[in-house]
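> Each chain is listed here by its residues.
Number of protein chains: 2
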Amino acid sequence: MPFDYLKPLLQTSTNKIVLLVMDGLGGLPIEPGGPTELEAASTPNMDRLAVEGTLGQTIPIRSGITPGSGPAHLALFGYDPLVYDIGRGALSASGVGMEIKKGDIAARGNFCTLDDQGNIVDRRAGRISSEEALPLVERLNHIEVPGVEIEVRQVKEYRFTIVMRSDGLHADLEDSDPQRTGVPPLAVIAETPEAEPTAALFNQWISETRNVLADQPKANALTLRGFATHPGLPSYQEAYGLRAACVAVYPMYRGVSRLVGMEVIEFDGESPIDEFRAVERNWNDYDFFFVHIKKTDSKGEDGDFAGKVKVIESVDAAIPALLELKPDVLIITGDHSTPASLRTHSWHPVPFLLWAPATGLPDDQTQFGERACAKGALGSFSALDSMPLALAHALRLNKYGA
Amino acid sequence: MPFDYLKPLLQTSTNKIVLLVMDGLGGLPIEPGGPTELEAASTPNMDRLAVEGTLGQTIPIRSGITPGSGPAHLALFGYDPLVYDIGRGALSASGVGMEIKKGDIAARGNFCTLDDQGNIVDRRAGRISSEEALPLVERLNHIEVPGVEIEVRQVKEYRFTIVMRSDGLHADLEDSDPQRTGVPPLAVIAETPEAEPTAALFNQWISETRNVLADQPKANALTLRGFATHPGLPSYQEAYGLRAACVAVYPMYRGVSRLVGMEVIEFDGESPIDEFRAVERNWNDYDFFFVHIKKTDSKGEDGDFAGKVKVIESVDAAIPALLELKPDVLIITGDHSTPASLRTHSWHPVPFLLWAPATGLPDDQTQFGERACAKGALGSFSALDSMPLALAHALRLNKYGA
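Same order as they appear, the protein sequences are chains A and B.
Using numbering that gives the first Met the number 0, read the first sequence as starting at 0 and increasing by one per residue.
Using numbering that gives the first Met the number 0, read the second sequence as starting at 0 and increasing by one per residue.
If we strip away everything but chain A, and leave its shape as in the complex, we get (with noise of 0.2 Å):
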């Protein structure tokens, strides 16, 4: 349980708490003396809440690590990454919407090409599309392997997730996927001897796999990868007694949420003020509102500085519609830095707002930037303490002791 002091201080409430997230924000400088993304950004309603607020940063795995999304954002969630460790397969399963519970299997697979030899030539069947990869996956749905249920679900393109469930099976398998072409796809093999039944009878299914697909041109073979059980985290209700929704587009960050026991919600469109009018739909449901914006990251990662920067002015255009519903906490942060100038997830620290009007403490920043937050009053921090400080804001959590 992350925060186990948390637990019986928890007090009902009616406040609400939106967590907004601008994948990847942190940024750096592309020139000596220059600003970066977030800072170069004309950002007038996030700078007059940094003027209302307080701005700090956040070190969201530990001092000069670079985090990848799953445990950037668990590590924001409250769940120290370093503790609770999501398996890939799991975080996929769950992104597109299955359910796993505690024992059941997950996997992600790609359809890839072999060639006579049985050797793989592409590790991603000529990037085949989403509409040519479905009635596969349906032919895949059709497969039984005596004892276990087994369920297979799109992805996009060439991916998909595969779930299996029954009684005593176990996670610890290694990957099919050889990671490279001109050998065959590996057998699924038992790290344990636990875990031997299980690799059984994937490789069964497997085999199964190679009849049903004999036909293709493409995509005549699967590999597997990331196997993967629940990994048992508490719930936001067990843990902080948070109703909690999720508003992300991308299936990756629904399904952290859903592992976290958030519920996501379904919305039309991509852009900013659709996520937000998406939360204002659901306004009265929820107690906490996660909305994830994930066009910072795919630009940073682009290297397009310019590209970020517009993202974020996008955001700050959108946030009176998020104001007008009255959060009386509203946090806006990234789960990591990805700078355009290193086109990838970096381990610098995060800019973090909180806004808490009734009982935050203003301080002496007024601008949203990675600067003015090293400046800001609630200093250097975990990102592990972003949940504990949004409940305390909210007037959620009792005194400790007497």
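Some hints here could point you the wrong way.
Copies of the same chain look alike in the list, so a pair counts if it fits in one copy or across any two.
[What the hints assert, rightly or not] Calculated cross-link-like contacts (lysine to aspartate or glutamate; reagent style EDC-like; alpha-carbon spacing at most 16 Å):
1) K309 / D114
2) K374 / D363
3) K6 / E150
4) K15 / E323
5) K398 / D3
Calculated from the structure, these hints are not laboratory results.
Quick caveat, the model's predicted, so the values are computed rather than measured.
Chain A is fixed; fit chain B onto it per the hints.
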């Protein structure tokens, strides 16, 4: 032991440390853009110390956690309250000067009023005066239970503390106070099998008290709660090599000081200057002085912003008396925040001023206040680090490693 790594480093020194705690010091503005209580107060002496010293802000327990007074003081003293749990009975008994050793069982008691059916009609016995209650406490002290020593001491009005001493006692006991009227007092029930004999002894004592109090119109019965033994804290002498003294008006703070091995100094009066004069009279006998100012917290809890400002100003006006003693290290801080705007303890970081003329590094801050402390050179840090900082600046710690 707090800070196991400190003990081998302790070195003898005659340098003196004063820890001045204004209870609930941290505050919030009462109007947008306005100052906090500490910022609003005219504090020329503390501002001069801020110029010459170093500022920072402490997290009392953990981020977002609002501490009670006991845990908050333990943390300042260097004992992690999540590790060292002090029962209220032990705190209360220490507070009225009763000695509690490991294995002794202390509890808090209330006189109460029962009706003819034996149900509680007043949980506080009509709030009888201390004068009315004192002879009843005397009567309780004449009750004998074979095999154990029992001592009862008056706290105030209807409240008292009881300590039972013998071998083999256990404190895993449920309160006999049902916390409501219309029902009889509960029996003391053991939470573990080992505590059953102790429960029986307390129930035997309670049954005797009924006879002794039978003639009373108001205080004809009593309830017990908060059973606890000595929490086994290592003393200041053991942990830090310090002869430590407590100068405090309120029993609760004297109690927690006694539990960490401080000697409690008796003195007349209750103004800051009375407390500082008590320090002066005992200056040569101790290495460390904990001086506690209660009224900052009381005014905060009353929602009295101006009153809290005045208390802070009265402390500031008395500071020269403390400086005349030429302490080597003077720390001025709070145990937690009690913003008048919230009328209760809060989780906000606490202003911290470290003045060590021979060893400190002055920062750029020129006023003692929340926003200045947030920008101070000590940064944000756990209150648990206060004692190591004090010891270091008093040159009481040797080098770690060669």
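> Would you mind marking each hint as holding or not holding in the structure?
Here is what the structure says about each hint:
Taking the closest pair of Cα atoms, K309 and D114 never come within 16 Å of each other, the shortest separation being 45 Å inside a single copy and 75 Å across copies. Proximity of K374 to D363 under the C-alpha cut-off of 16 Å is found in both arrangements, the shortest distances being 9 Å within a copy and 9 Å between copies. For the homomeric pair K6 and E150, neither the shortest alpha-carbon distance inside one copy (36 Å) nor that between copies (37 Å) is at most 16 Å. In this assembly of identical chains, the alpha carbons of K15 and E323 lie at most 16 Å apart only when taken from the same copy (13 Å versus 51 Å across copies).
When the C-alpha separation of K398 and D3 is checked against a cutoff of 16 Å, the pair qualifies only within one copy, where the shortest distance is 14 Å, while the shortest distance between copies is 29 Å.
Going down the numbered hints, you'll see the structure goes against 1, 3, while the others check out.
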